[in-house]
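In this text, residue positions in the sequence shown follow my numbering: the first is 3, and each later residue adds one.
Just so you know, these hints were derived from the structure itself, not from any lab.
These numbers come from a predicted model, not from an experiment.
One or more hints might be untrue.
What the hints assert, rightly or not - Keeping only pairs whose Cα atoms sit at most 25 angstroms apart, straight-line, the calculated DSS-like set for lysine-lysine is:
1) Lys189 / Lys293
2) Lys213 / Lys285
3) Lys285 / Lys189
4) Lys224 / Lys568
5) Lys402 / Lys505
6) Lys100 / Lys118
7) Lys530 / Lys499
8) Lys140 / Lys118
9) Lys118 / Lys224
10) Lys118 / Lys90
11) Lys496 / Lys402
12) Lys122 / Lys100
13) Lys234 / Lys250
14) Lys118 / Lys84
15) Lys568 / Lys118
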Amino acid sequence: MVDQDKLIAELESRGLLNKDQVKHIKARAQQEETTPEAVIIQEKEIFPEALTQVIAELTGYPYVDLTRVTVDAEAMRDIARKAAVTYKFVAFNIRDGKLLIAMEDPTDFQAQEAIKFITKRRGLIPEIYLASADSVDKALGGANAAQAEIGGALKDFSKELADAGRQLEGKDDSDLKVAMEEAPVTKVVAVLIRHAIEGHASDIHIEPTEKDLRVRYRIDGKLHTTLVLPLKVQPAVISRIKILSNLKIDESRLPQDGRFSANVENKAYDFRVSTMPTTFGEKAALRILDKSAGAPSFADLGLTGDMHQRFMESLDAPHGIVLISGPTGAGKSTTLFTSLTHLNKPDRNIVTLEDPVEYEIEGINQTQVHPDIGLGFASGLRSILRQDPDVIMVGEIRDKETAELAVHASLTGHLVLSTIHTNDALGTIPRLIDMGIDPFLLAASLRLMAAQRLVSRLCQHCLEEQPLTDLLQRKINAMLDGVPDTYRVEDNQKTPKVLYSSKGCPECQERGVSGRLAIFEVTPVSRKLREAMNESADYDTLQDISRSEGMVSMRQDGILKALSGKVHFEDVLRVTAEADPNNFDK
């Protein structure tokens, strides 16, 4: 596949082989009538991945380290394991209509023909990568694959798993716990959880379909099909999760919520669990919370520069209401968590009311609401006011009573942090007025409104520049019109010339993204805004005032981040508007 003389020369020039090693390798290759490459692999003179990387550069094939890539179950769908083992290849991802395939020897004609047949049948284009023999074997053998571990349990205990659902019927809770602890399904659930954590997933979705049980992990905001299990294991898997979460095993007609804790690789994790009946049986969703992760900084969140300064000024105020708005999954709770960590000092009494308590913070009094026993946000907030608090955090303002109590708390000298569901920051004002809050009370109590969305963070290891066309440059300049110079700190933000994308690499597991970043809209309540609120000004008037005072919209903040290579431009357009992402005039 590669010129052996060039390979030896390149390895020597990089310091991976010395002269004595080169002499020995050539002599043995000649004696055994084999290639120097084969001798290097056999004697393990060079780490396999380093050798494969050099070969990839010499042959022009892109390189992938399969030990650092999560193989997508959807990519391997309909590929016979026997064929993959015979021809030494692994389909590890699907991207832009292409099936990404790692091969030990891309010049293998029979393997090429097999891959052409597979991709043509699925309507995909093959994109070939070079991988080391070790990493291909490990991926196919399942040394790092959940499918192989679970497959072993299914093979060894297929009869028990098939009967698990029937064995649970008619048993009391103590019998069920013993049965489930001894059942092979315990291993299946443990593997699902461990591999989700190893893959940095935020959620696990276990979903029955008509033919099988699909397991998907949410990684960097996107769901990936990771495993497909036999449908017969669904009752046992769901029952095991219910036992861990102290839910009713015999109740499958109604949704249930619970939580449990577990130690994985010597780290403590909390899991929020929700079950839901569907057409083909119960599904479960597990939110993974890393108890040891600690609070991200405001810079990690994406709140920097003038926006950060405005936000901090409001947090350091002695009283008032600070509201974070956005849809579910926008990262509002994480922003509140970081804010509380900043405020957490020995001379402050901080009390929270949450549903549920997602992050445990030492030194803060945190309370879980229980509406079924009468402890809701409103009743809990009323009790908190009798606890001599300095700072109050309410998980969400969703009704008039909670809103009134939050206003009352701020007017009596407390700093109140909470979330609300609105499309943008200024939408907070009409939303609270619709709840029944008088405009003059709102003007007196509201200190800052912020809105946010989450976008995928571009992988910095495979970042590529894309020159802007004249038309796109004009459109971006138009969208950034009115953004203060203090927000444009980089040359490409001042005069946009390029955008960025990430093509995918081993560091980001070929996804092109690594984590997520928030884009913000931060609006302090200024004197002019208070006067306008007192006069019941409409939304457009409030927006004109905020813009004249230097407000930067979420879309503008996102575009500035895209111009600095942090996020994808089209992703910003998608999350900040319901319209077609290409319709830049909206």
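So, going through the hints one by one against the coordinates:
1. Restraint check for Lys189 and Lys293: the C-alpha separation of about 23 angstroms stays at or below 25 angstroms, so the hint holds.
2. Under the criterion of a C-alpha separation no larger than 25 angstroms, the hint pairing Lys213 with Lys285 is consistent with the structure, at around 14 angstroms.
3. A C-alpha spacing of about 19 angstroms is found between Lys285 and Lys189, which places the hinted pair at or below 25 angstroms, so the restraint holds.
4. Annotation: proposed proximity of Lys224 to Lys568 holds, straight-line Cα distance about 18 angstroms (limit 25 angstroms).
5. Proximity of Lys402 to Lys505 is assessed by CA-CA distance (about 48 angstroms); at most 25 angstroms being required, the pair is judged violated.
6. Annotation: proposed proximity of Lys100 to Lys118 holds, straight-line Cα distance about 12 angstroms (limit 25 angstroms).
7. The hinted pair formed by Lys530 and Lys499 fails the criterion: a straight-line CA distance of about 37 angstroms is larger than 25 angstroms.
8. The suggested pairing of Lys140 with Lys118 holds, with an alpha-carbon distance near 24 angstroms, which does not exceed 25 angstroms.
9. Note on Lys118 and Lys224: the hinted pairing is violated, with a Cα-Cα distance of about 29 angstroms set against a maximum of 25 angstroms.
10. A distance of roughly 15 angstroms separates the Cα atoms of Lys118 and Lys90; the hinted pair therefore holds under the 25 angstroms criterion.
11. For the proposed pair Lys496 and Lys402, the alpha carbon gap of about 44 angstroms is over 25 angstroms, so the pair is violated.
12. Between the alpha carbons of Lys122 and Lys100 the distance comes to roughly 11 angstroms, so the proposed pair stays at or under 25 angstroms and holds.
13. Distance hint between Lys234 and Lys250 is fulfilled; the C-alpha atoms sit about 20 angstroms from each other, no more than 25 angstroms.
14. Taking the CA atoms of Lys118 and Lys84, the gap is about 16 angstroms. The hint holds against a cut of 25 angstroms.
15. Using a Cα cut-off of 25 angstroms, the hinted pair Lys568 and Lys118 is violated, with the two alpha carbons roughly 37 angstroms apart.
In the structure shown, a violation is registered for the earlier hints numbered 5, 7, 9, 11, 15, in ascending order.
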